[in-house]
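Each chain, letter by letter, is given below.
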Amino acid sequence: MTVGLFIPCYVNQFYPQAAIATLQLLRKVGVEVVYPSKQTCCGQPMANSGFEHLTQECNDLFLENFSRFDYIVAPSASCVLHVKQHLHSATDPAEADRIRSNVYELVEFLTDVLKVENLRARFPHKVGIHQSCHGLRGLYLAQMSELNTLPFSKPVHLLNMVEGLELVTLDRPDECCGFGGTFCVAEEAVSVKMGKDRVTDHTKNGAEYITSVDLSCLMHLEGILHRNKSAIKAVHIAEILNSTL
Amino acid sequence: MEKGMKDHAALAEAFINDEERVDWHDGALWWIRQKRDIASKQIPEWEDLRETASRIKNNVLSNLHDYLLQFEANATLNGIKVHWAADAEEHNAIVYSILKDKDIKQMVKSKSMLTEECHLNEYLIERGVDVINSDLGEYIQQLDNEPPSHIVLPCIHKRKEEIGEIFHEHLGTEKGVSDPTTLTRFARRHLRDVFITRRAALTGVNFAVAETGEYVVCTNEGNADMGAHLSEVQIASMGIEKIIPQKAHLGVFLRLLARSATGQPITIYSSHFKKPREGQEMHLILVDLGRSRQLGRVDFRDSLKCIKCGACMNTCPVYRKSGGLSYHNTIAGPIGAILAPNLDMKKHADLPFASTLCGSCSNVCPVKINIHDQLYQWRQVIVREGYAANTKVLGMKAMAWTLSSPTSYSTLGKAGRWVLNNIPFAVNNKFNPWYKQRDMPDGPKESFDVWYAKNNGHDSEKD
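Same order as they appear, the protein sequences are chains E and B.
Residues are numbered in the working numbering as their position in the first sequence, beginning at 1, plus a constant of 50.
Residues are numbered in the working numbering as their position in the second sequence, beginning at 1, plus a constant of 14.
The following block holds chain B by itself, in its conformation from the complex (with noise of 0.2 Å):
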């Protein structure tokens, strides 16, 4: 952790504090939770689907530069212009380049996690771009000067109460309107206006087809759509690790994606984008930033499978309880955990041990990413270079020393048990977070060891 940042746990707790919010958090993504496994279990190949993507992922994963060259080839010939960036800075650069090109200073977005990722919005607006994120939860975190807090549901943390003072105080709707379906509808109006007069929109990428060079976005709004097809100029962003190899392949991960992340049977909309429509300018950009450096890590390179459904937060106990902010990266839940220390590993020291490593999360995802055993792995190699902190070194220094010789183990115990019964405010006060909320076990007199030795002499090995 950089100093000065709060981690998880401090943000958590914060969250934490407004217990009503927890409770309502945790029982809208349960309630999608839920839905997932109902919808998954109507599909009896279910199972099946999920290694079949799992090893679609992996072949496309071990020949990524082959696909991505046909990809770029298939696509040119489309008519698509592509470009290659390495990382933000360079994708921002492009887009800004193509705006400035047509001299265009407005632009309409639909949610791209990519582009967050890269702070787009930030870097166009200091050049004098205006941009508006059409998806209507990310707009609402754009009202509010909040990043998405979920990759599906980006203002989930929201009660529709808070949206309403949003609506009032930036958009000018009546106080005190808090009904989600007055509140859509005024969106709906005001976004409608930005469609019609923007001149360019930027949509993400959910899967690129290597063998016909096209690409597919999937929206339940239709903001995506609404914002091509009347742009003049049209740009997609897309990670290196989106490319899947042939169309076919699309009827695995479209049945996967909706499923998984919202438990419905199909996407709203699905819309396969091609070839630029008379007048039109298509762009596309192909965006590495730290993908092939994941690749390149062999306990974590599965993470690159992930299709973005948000399954895993949903199904993750301190994800509900914690709310995607906690996270500070703009991947929040178990997936960014296992990304974001790929990007920033001292930054992002902290989340790979926001788990308690339940194994829900691997088990629910589509395309069977390890999530719980590549959060362990991290730990392992955030200590090894040296980023945990120094008092948690000397305490796992310290117990690897009493565990590793029964006697200084049996004598620790036995204080530790005396300690207590005899005097419980030793350990029972505000240094001890044990004790903060909960109880300490009570002392029994004597260990199992020592029961042991009393009444099955015969058969103990004595020390």
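Next comes chain E alone, as it looks inside the complex (with noise of 0.2 Å):
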């Protein structure tokens, strides 16, 4: 089995740590990995803008750069989730077809695929799960409150095999934070509105970590820790599960 390391661009940019992180941790637990380095972008901020026909192109190159593997993971659900959405191919919609059931976000992959039941990683430290919407409820990676259905949680399962890890309760366990792609400076007043409230439930509840399986949300928030110069810090899961401090 070799997966394709899928690598959303903004993470490839700002946040190369938790890209080595999730590589790492897959070859921790024993993948072959590939990153494809032509790679860019899979469209998702000109689709959700009301661009999808100009995210052609993307799709292309998403094929060119994936279609030889097994399976494709990112750490980044909501990019995941516009690939299994939206991605398609003119020149070959079977291959699109393949690649929309085969590309998973890390966790999910670790949990669904893998079937990972012990991690070597430690990290003491109280931590606050920030569920990504997109990983919520668009790839179901744990039980939404909305829902009468029996509870769950990948994330969850997966942060569990940490040592020294305490998750804190949250007052809203699912709450969006207001990140939304082009929404975030488009409606900016909402958007750190809604990022400043999902601050204050993790600092109220003693959260010294905020984490999330999409760095889009944890950019976000910890744009507005660091504007408010708060001690909490926001890292992405893989980090975490990769951690042996």
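Don't take each hint at face value.
Examples of chain E residues toward chain B, derived with CB under 8 Å [unchecked claim]:
| hint | residue |
| --- | --- |
| 1 | 57 |
| 2 | 59 |
| 3 | 62 |
| 4 | 63 |
| 5 | 88 |
| 6 | 91 |
| 7 | 96 |
| 8 | 104 |
| 9 | 188 |
| 10 | 196 |
| 11 | 228 |
| 12 | 229 |
| 13 | 236 |
| 14 | 244 |
| 15 | 276 |
| 16 | 277 |
A few chain E positions that, by computed beta-carbon distances, are all more than 10 Å from chain B [what the hints assert, rightly or not]:
| hint | residue |
| --- | --- |
| 17 | 121 |
| 18 | 158 |
| 19 | 162 |
| 20 | 168 |
| 21 | 172 |
| 22 | 203 |
| 23 | 218 |
| 24 | 253 |
| 25 | 258 |
Rather than coming from a laboratory, the hints here were simulated on the basis of the structure.
In this text, a Cβ means the ideal position worked out from N, Cα and C, and glycines have one as well.
Build the complex from these two chains, which are given one at a time in their own frames, with help from the hints.
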């Protein structure tokens, strides 16, 4: 099994440490990983802004980069969801179909495909999980509070394997942080207010770290934390799961 | 957006300026969302009920023509005078002609979002007919000359002190009185006089049953009943999508409606109206007002399944933080944002973008409308139809060009990181909406690309 590592554009540029942790973590659990270097972006920023018709070249590039892999794994639920829902190809629709069903967010790949049951990781801190909406309701990585179904959480399942880690309970376990792609600038006031309230939920429940399966949410929350000189740090879940501190 | 009109972002920003109000508004609606969660989780078959309701509504939408004719035939047999209106103008003219016929100059109304959509009050007032909204929240909004900000909780954005002030100004209560019980008692006394003296009463319709020709009106205050029972002319206005096939289906919808709306097991008054009592006239107006057009839009047809419970508003974090009036449309929130562009795409081009696409609305919806998917689809339509700002079009084209080439993407990424590290003021300024209340991410020295090429040369593919 060879996994194609899909590192979304903003992770590549701004959060290389999360991408490195993803790569190391996958290798640690015995997976052969290849990073196709000609990748750029899945096209989501354009599509969610109403410009899906401009994403064809991103789609073609994605196919070119990833069509030879058994699985494609990325440390970003949002980008994975976009590929799952909107990757299309005029020249090779069958391959686009195949990719859509073989692309995985890192946590779901570790739990559903590899069925990882233990991790040699240690992170002795109080951690709050910020559920990324696209991970929660799009990829269904955990039970959402809206539904009347049995509770489960793939991120919690993995974080429970980390030595010393203590999860904090939030007042609103699955509230959106307000990032929302271009929403964060187009609706700046609402976006920031949502982010501030999200941060407050973590602060008042004693979190030292906020983690998530999406760096986009974390980038937004981190921006607010930094601006307000908060001691709380934002960290991608791959960094915690790969941590041996 | 029309020129000169404020869009959702600007109206939301104005609402957010009063942070204390936003926190209270957000908390009040979240409290109702939690009540809804508790109520829904007490019913083991909740998800089955949602699925059943969704399927009944799908059936209705696929056979709307037949059910409407069946309803008309049965309602007529029951003695209800059925009218058809293609748009707001026709609806309002019908109401006015009914009143004029009886020389009625005063009418009492229970809550009906449809008549808000039709701007019926303004229409009648212009023609010398006085209308009073009898739902307490709507009554407050009417006194304050504002439209409802929520379909179930019309004045949820107002604090009790503000309501006290409105009552003082318009109804002569003592200044400074803001106790809800005192104010409600005062309003009740005032409204009782209205109910007793008005000869005509108009209600909305929650469900109309095709097989029996009856309709059901749900209120918690009993105000629809008070008006209807005491009037000599009773008028009901309904959107054509409110039809359900059988009386047996009411059990599904009534169980879902109250729990989704407020967390109550059942609405206090679920009143069935089937035939006029002796000496009374009963009229029912079936209104299209864009519904059949929406039915023809394949991607948006499901929006007509809506039973107007307001759960999507209570759960929507954007709605909770920005207030219902920021949507500048009769129906606010996520459901309003997918209904509004059907009525006027230009005027409401901003609304499908007033969402983070978090998806909570679709999962809280008792009839399983894929609200957030429709928001996404509307964005595509609005851009395709040319309602996106030119700057946005240019920006998106530039982004698509950059991202379609690994070389230009890599060059630009490197430049961006260099800017963040070396001349941060180039991005950390007032022209950058990100930077206004948030810091930019630190620019790492090297991207993952570069790190990977250095450390994993053996399995990297060079450009």
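Status of the hints after comparison with the structure:
For the restraint placing residue 57 of chain E at the interface with chain B, the shortest Cβ-Cβ distance is roughly 5 Å, inside the 8 Å limit, so the hint holds. Below 8 Å, beta-carbon pairs count as interface contacts, and residue 59 of chain E has one with chain B at about 7 Å; its hint therefore holds. For residue 62 of chain E, the interface hint holds, the least distance from its beta-carbon to any beta-carbon of chain B being 5 Å, beneath 8 Å. Interface restraint check for residue 63 of chain E: the shortest CB-CB distance to chain B comes to about 4 Å, inside 8 Å, so the restraint holds.
Contact between residue 88 of chain E and chain B, as hinted, is supported at the beta carbon level, the nearest pair being about 4 Å apart and thus within 8 Å. The beta carbon of residue 91 of chain E comes within 4 Å of a beta carbon in chain B, closer than 8 Å, and the hint placing it at the interface holds. Below 8 Å, beta-carbon pairs count as interface contacts, and residue 96 of chain E has one with chain B at about 5 Å; its hint therefore holds. Residue-level restraint check for residue 104 of chain E holds (minimum Cβ-Cβ distance to chain B is 4 Å; threshold 8 Å).
Hint status for residue 188 of chain E: holds, given a least beta-carbon distance of 6 Å to chain B, under 8 Å. Interface restraint check: residue 196 of chain E against chain B, minimum CB-CB distance 4 Å, threshold 8 Å, status holds. Annotation: residue 228 of chain E was flagged as interfacial toward chain B, and the flag holds, the nearest CB pair being 6 Å apart, inside 8 Å. Because the closest C-beta pair between residue 229 of chain E and chain B is about 7 Å apart, less than 8 Å, the hint holds.
Here the hint on residue 236 of chain E is kept, as its CB sits about 6 Å from the closest CB of chain B, short of 8 Å. Residue-level restraint check for residue 244 of chain E holds (minimum Cβ-Cβ distance to chain B is 5 Å; threshold 8 Å). At a threshold of 8 Å, the smallest CB-CB gap from residue 276 of chain E to chain B is about 4 Å, leaving the interface hint in force. Because the closest C-beta pair between residue 277 of chain E and chain B is about 5 Å apart, less than 8 Å, the hint holds.
Listed as outside the interface, residue 121 of chain E is consistent with that label: its C-beta sits roughly 16 Å from the nearest C-beta of chain B, beyond the 10 Å cut-off. With a least beta-carbon separation of about 17 Å from chain B, residue 158 of chain E lies farther than 10 Å from that chain, consistent with its non-interface assignment. Its beta-carbon lying about 20 Å from the closest one in chain B, residue 162 of chain E satisfies the requirement of being farther than 10 Å from that chain. At roughly 26 Å, the least C-beta separation between residue 168 of chain E and chain B is larger than 10 Å, which holds for a residue marked as non-interface.
Taking the minimum C-beta to C-beta distance to chain B, about 24 Å, the non-interface status of residue 172 of chain E holds against the 10 Å cut. No Cβ of chain B approaches the Cβ of residue 203 of chain E within 10 Å, the least distance being about 16 Å, so the stated non-interface status holds. Distance check for residue 218 of chain E against chain B: the nearest CB is about 19 Å away, which clears 10 Å, and the non-interface claim stands. The claim that residue 253 of chain E lies off the interface holds: its Cβ sits roughly 15 Å from the closest Cβ of chain B, which is beyond the 10 Å cut-off.
No Cβ of chain B approaches the Cβ of residue 258 of chain E within 10 Å, the least distance being about 19 Å, so the stated non-interface status holds.
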